[in-house]
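Chains A, B, C and D, in that order, give the protein sequences.
The working numbering puts the first residue of the first sequence at 1, with every later residue one more than the last.
The working numbering puts the first residue of the second sequence at 1, with every later residue one more than the last.
The working numbering puts the first residue of the third sequence at 1, with every later residue one more than the last.
The working numbering puts the first residue of the fourth sequence at 1, with every later residue one more than the last.
Calculated from the structure, these hints are not laboratory results.
No residue lacks a Cβ here, since even glycine has one placed at the ideal position from N, Cα and C.
There is no bait here: all hints are sound.
Mimicking SDA-like on lysine to any residue, the simulated pairs with C-alpha atoms at most 25 Å apart in a straight line are:
#, chain 1, residue 1, chain 2, residue 2
1, B, 126, B, 155
2, B, 152, D, 308
3, B, 126, B, 207
4, D, 6, A, 225
5, D, 6, A, 212
6, B, 72, D, 212
7, B, 126, D, 236
8, D, 6, A, 216
9, D, 6, D, 245
10, D, 6, D, 17
11, C, 566, D, 180
12, C, 566, D, 157
13, D, 6, A, 267
14, C, 566, C, 297
15, C, 566, C, 537
Computed, partial: chain C to chain A, Cβ under 7 Å:
#, residue
16, 290
17, 337
18, 341
19, 421
20, 439
The lines below spell out each chain.
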Amino acid sequence: MSVTDRGTARDRRGGPHGTPRWAVALIPGLGDLRSGRPLTGWALLGTWAFLLFVLLTRSGRVAAALSGEVSGRGAALALVTGLALVWSLALYSSGRSGARTVRMSVPWRGLARRFAANRGAVLGAFLLMGLGWVAVLAPILAPADPLATGPLTDRLQGPSAAHLLGTDEINRDVLSRLLHGARVSLGIAFLAVALASTLGTLLGAAAGYLGGWLDRALMAVVDTVLSVPRLVLLIVLVGAVGRPSLLLLVLVLGLTQWPQTARLIRAEALSVRDREFVRAAEALGFSRTRVLFRHVIPNSLGPVIVAAALGVGNTIILEAGLSFLGVGVQPPHPSWGVMIARGREHIHTAWWLTTFAGLAIVLTVIAANMVGDGLRQGLDPRAGDDR
Amino acid sequence: MTAEGTAAATPLVSVESLTLRAGRDPAAPVLVDRVSLEIAAGESVGLVGESGCGKTLTVLAMAGLLPADVSKAAESRVLFRGRPIEACEPSPLGREIGFVFQDPAGSINPVLRVGHQIAEVVRTLKGTSRSDAHARSLELLAEVGIADPAAKARRFPGELSGGERQRVGVALALAGDPALLIADEPTTGVDMIVQEQLLTLIEGLRERRGMALVLVSHDLAVVAEVCDRVEVVYAGEIIERGAVDRVLTDPRHPYTQGLIRCLPGRAGHGVRVAAIPGAVPVPGAWPPGCRFRPRCAHAHDRCQASPGLLLLPDARAARCWLVNEGGAP
Amino acid sequence: MTRRLRNPLSAAPTLLLLAACADEPREPVGATAAFCQDALARVEQYMATVPSSPSDSHGGTVVVGATAELDGGMMGLTTSDYNAHQHQVFLNLMTLVRYDDRLEPEPYLADSWEWSGDGTELTFHLRDDVYWHDGTPTTAPDVEFTYLRATDPATTFANPTYFEAYEGVEVLDDFTVRFHVRPHAQPLDTWRAVPIMPAHLLSEVPAEELRDHPYGTVCPVGNGPFRFSSHRPSESWTFAANPAFPQALGGRPSVDRYVYRIVPDPSTLLTELLNEDVDVYVSMRPDQAGTIETSGRARLLNFPARDYTFIAWNSSRPAFADPALRRALTMALDRQGMVDGLLGGRGAVANSGVPPVHWAFDPDNASALPYDPARAAGMLSSLGWEDRDGDGVREDAEGQRLSFALKFNPESELRQTLAELSQAQFASVGVEAIPTGVEFSQFLRDILGSDRNYDAFLLTYSTDFRVDDRDLFHSGSSDAGYAWSRTRNPGIDRLIDTLQTIVDQEEALPVWREYQAAVLEEQPFSYLFYPDRIVGLSARVQDVTMDARGEWVAVRDWTIPRDRRKYATPGRP
Amino acid sequence: MRRVAKGVLYKLSLVAGVATLLFYAVDLMPGDAPCFGPGMTREVCAQIATNRGLDESVHARYATWVVGALTGDFGDSHRQSRPVLDLIGELLPNTLLLSGLALVLAFGLGILFGVIQATRPGWVDGALGTVLLFFYSMPAFWLALMLILVLSQGLGLFPAAGVTSVDYDALSGPGRLLDRLHHLVLPVAALTLVSMGGVARYTRDSMLEVLGLDYIRAARARGLSERTVVYRHGLRSALLPIVTQLGLSLPFLFSGAVLVEAVFGWPGMGRLMYDSVAARDMPVIMGTGLMFAVIVVLSNALADALYALADPRVRYERD
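If we strip away everything but chain A, and leave its shape as in the complex, we get (with noise of 0.2 Å):
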């Protein structure tokens, strides 16, 4: 361990040398690239090209939805603020002397440095990283309004210059659908995940660290929850709500979540609560609340990072399902378990309905898992030296 720690300090201090200050100023990255961040570096870099690359590909379209004139000024607000924030993080460090240190405690470090050489967790990372922006920018990506028909004789049009992925049984552009999907399909994903973690962690920690009839009582909930089949219990739930909506989505994915999470964080806090720094927490008269949020919660986050980011991949096949079953995402938003959903019935005659909603999901959730495999290592050193 300690001779490993000593290399990365070697590279550490190595700084921005060779590399002129301008160029560090106006290419955010370059600086962390030089200064042995490549995480960062590539980061800042890849986000600063890809929206560069954006606004000028696609000015008009950002100026008109600006402006007002079509939609997607959410889209085009959050592509100029990116690009502003991504430049002036450059300008910022470049006016600094040497690297930026981070101050990071030292799990922490570890699974930066862990992750940062797991290559398959980094390309995950990259990849999701794009893909929350494809959502966030699909409205300006998007080549064709994804709610636009076309007319109806001239529909299921294959993959052709016009529309690069085909168009659909009401001749609507894929792609467009596609990038729009992503917003809907990663949006779902990502806040159920949240949603349950948060939940998961507060329950299961203070199950775990109060123990006692709290403990016995919630675990009982969780037995119960865990005791139906997840996708069961969700068509129960949607229905009985009866319509659908997007929010509702995000609700019932989390909450028929969280009981995994606080299973996971619970197992935690007890190894936890026993450590001589709650002890001492406790000793120096400190409310069992403040040691719960002060010490339990955050010395347990550790699984509950890397189920989270395999939940993500999870709720996007379950969100998938139950739009397949027809009581996950209503039309008109172009989920990606909807485009296959709908495909399906021309699977026969235009293959491309299904088949790139279904790359997209696979795509996503393979990155998602690599995501979540790279946290795992990152965060026990031993699985971490196997790679």
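Position chains B, C and D against the provided structure of chain A, taking the given hints into account.
Here is chains B, C and D on its own, set in the frame of chain A:
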């Protein structure tokens, strides 16, 4: 008889210029530095030194058991009965070399029954039938002094006491009737009484079976009790060697002298190795020249150059400039 | 990992529970099981005594594939499921009369019938050679039993309007039965639709238990050309040819065996058809027809039926109160485009609930309310709906936006597509339709509940042969379940009242034309189209004819030629 | 003994909890059993509800159901007009066959691939990992559609739907077995391929961890063959967390089966449950829901038992 004659001529194990590094990179820090030693059949040798000085890695290399993240330099050679150990077929592990590990709890599979594990090794090494292997495992348990072997054989390791577990570890090492037993800190983590019993057991086994023994310990007293010869290791190097009684009575290296001063009975109870100020430098941070220099009371300008292992009469050797000046300070 | 320790032994009692659950149903429980075991045993007994001398042309197994179970099975007194009803009246059971291909009544179980002079007594003379599959003759008391149960509210007969004009029944002899009726239009339609049920089996069953009685799905002993042989839930129904079916009615069916397979996914079902693991794919999605045409591995059959697809407007919402507005909305929709594009031309633009197969259908209305967005936009403007704030959606003078939720049930891909298409087409004339998918049960509650929880919705409705829009449009029933538009139009009320009492078609025809014109003017619904029913046929099956009467109307004649038979049949060399 | 009783009680209370949760959740679902069609009136619908006792309060209906369930009477299906137990008895074997076979294969192959990955670092590990992750990231129903399109419709190798052929009853013994296997191939492949990756990854990590432990090194030092070390010593310990995973993944397999059953026209519990929810067929929803809960609880108990069987430490550390 001729075989025995040959064995007497070639040492059982000879380690030549063993250099080990942490990782594959030739620039990686050195953990063991050009160690050479020989072990003859039937001989018992102790390796002594503070933790982190490379004892364990040296014996692991002897058995060909180096962990994947440690690499051996190209010029280093480990010969077993005169042949490179990697080239021996079948591997002498278990058959010729028995290894008793530092941590008895960790080195025995916790999910398999004790008797089953011993019998498994017997069957693999000796090719005996299942029932013979079982009978042999009971004999081995009895040999290592476990009372009621039949009952204990049915237990899981977790159900045994620490001393019993280590005895099982010894039995596992003996299953192939090896010519060399390597015991790496076999008495760590057990109390004084059990330690005494284990040492007596190992000594008795060696005598009865005529095995060679390599005993690794940080405790000179343990080595003194069991071994004929001692090799003192410091910072990846052998710094003194010789017959145990000679080294104990007449240590030549200031480090050995420090170790002896720490022995209970000599410096009184409660005094620990702290009698030598400072700590063993970590690999990669070894000072140039004599590596003991920063902690040595006799350090001198010339110590900035390495003294080399100086051969002395009676098969003794020491790595200190003082030795040349005719004796201990 | 921290985990609670659980004793492995604690599983044992629960294990027993599972074992009990898994074993028990092998032997159906209770009295109902005994009922079915007896009934099926008697069928086997009787069938062994019937001489069956199949000719060369007889034989083979025909496999029909569909996406849904036959809900309610063969219980003719309660089902409302289309496919189940078809199997009742054409396979397993018999009706007193049936329709010929011109939709005129012809004898079936009833050999003949006659009217009393004043049109209040209808007497049926039954065939005397029809036997239930267990050997019991089918007689007048069976008809009486069927009538009495169907009119008993406790039975929950699915279509009580069939019997609105009926006042009583009397059995004259074993094969003669008389009904007392009030004069009304198409009186025989009731006996085309309601299969006669076996009194000797079901008369002991209390009326309220009929709907859930296992007769329907476990042991339907009928008297039709096919007898029940097995039902695997969610998987298949198997029927065998009935050798005792009267020769005068054509005798036993051509095939030995008929299998109805349930394959819920339409694209899987299409694959099964193309692989010839299914011979007849009924209710095929219009979009799949194209695959059949290009594949050359199967053939298509499509025919006009009694279905129509429409958008219902809730006229009690102020925005939709004006018929002119509703007409404008209809004109904003490219209905011909829907027929040509979505249906692939298999269907026709609709302008009322009178289907083209109905004798009174008015073809002159076909070009009414054409697709004309410009004119539709103009009409909306002239009604005071203008886009005043430039958001692309029209508002009225008070600033109320012309925006509504368009409900539909997402189980139907076609209606999902239609909802999205309508949204786009309405948007182009400045009307905002928000497609709102609602799960079917909830959807039914929304559209049938007294709170009328919808602005507009999309539905495909299957009308009866005896078209009767009373429950849809008559003011007298505007609080009842099906008064979706809640329009009140005295002219339409009068026409509906008149139509249901005119027995003579000649006399009724002009009234029907007047009625269709009135509906067009009122536009309570935006009628979209009459979709054809589409059926895919494998190369194995021959002699298939289908028409508005239903897919199974001539199932008795379907043939699997000798060289195409691929399944071994139990009990036949 | 008390511990055993407590365990059983806890599991029973879980099942009861699931039943209660399900009953009230389904009752919250708006909409009634679809009674719809030309001429169907509100009066008829109301009468149907009365016949089925649906006009009572939800608590009364729940009480009735509980009393019935305790005496082994789960009521009759509204859609299929036959006893719920009868229905489950017909469909449960299909689901157990499909999910069970997929489970066995997913774990068998997953463990095998995981061990191969752990023992062959480098390109074998990488390539296998990539392929497995690819399938693992697929929605099962999408894979199912693709399998049908390519292997059934395109190449005509396997039937696309159903459990048996139409002439199953006329086949000989071996013919029947072959026919069943032929129909099982695609659905089992779809389920197995998507779940195998998780098992393999789990096994790989667990194996790597175990293979780095002292006693594995010690086993090698004692002269045991690599085979014995990896499979007898390594895998045996590495299996412990996988066994737990096995218990926890059962509900997932049943969930996945809902969609796979739908695509392959497989008459099983998943589809039954889904159709019943759509039709508000309460007795069937409750019967199948309870069945699922029992299976899940049982499989957890089974996982615990297997865990104890595989790991003696659990047994002797209990007291």
